[in-house]
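Engineer: Sequence:
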Amino acid sequence: MKIQEGDRELSERKTLKVSLPAKLHLQLHTVKILKGRNISDTVENALDEFFEDRIDDGASDAGEGASGANGASEASA
Numbered sequence: 095m096k097i098q099e100g101d102r103e104l105s106e107r108k109t110l111k112v113s114l115p116a117k118l119h120l121q122l123h124t125v126k127i128l129k130g131r132n133i134s135d136t137v138e139n140a141l142d143e144f145f146e147d148r149i150d151d152g153a154s155d156a157g158e159g160a161s162g163a164n165g166a167s168e169a170s171a
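Residue numbering for the sequence shown follows our numbering, starting at 95 and increasing by one per position.
Certain hints may be false.
Below 30 angstroms or equal to it, Euclidean Cα-Cα: the simulated DSS-like pairs (lysine-lysine) are [what the hints assert, rightly or not]:
hint: 1; residue 1: K129; residue 2: K111
hint: 2; residue 1: K108; residue 2: K126
hint: 3; residue 1: K117; residue 2: K129
Read the hints as simulated data drawn from the structure, not as lab findings.
Model the full assembly from the supplied sequences, consistent with the hints where possible.
Structural biologist: Right, here's the structure in full:
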């Protein structure tokens with residue numbers, strides 16, 4: 095699935111509220127400290143890698159299993 099730019103600016107930043115298990119939050123915080131990155135950049139990089147892997151694997155539905163066992167997510171546009 096390829097997202098078309100259309101009349102929206104895809105470089106625009108959006109805020110996403112996500113509920114994570116404490117273990118994942120601790121891992122994100124650890125990366126923040128060890129690599130000097132903020133949590134937003136760390137999550138962005140992880141999602142980029144996730145979607146690249148999904149495309150490389152030929153997955154037809156990038157949203158499949160997105161809320162998985164690691165916790166539910168809530169998005170606000």
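Engineer: Now, for every hint given, state plainly whether the structure supports it.
Structural biologist: Verification of the hints:
1. Proximity of K129 to K111 is assessed by CA-CA distance (about 23 angstroms); at most 30 angstroms being required, the pair is judged to hold.
2. Note on K108 and K126: the hinted pairing holds, with a Cα-Cα distance of about 20 angstroms set against a maximum of 30 angstroms.
3. Note on K117 and K129: the hinted pairing holds, with a Cα-Cα distance of about 18 angstroms set against a maximum of 30 angstroms.
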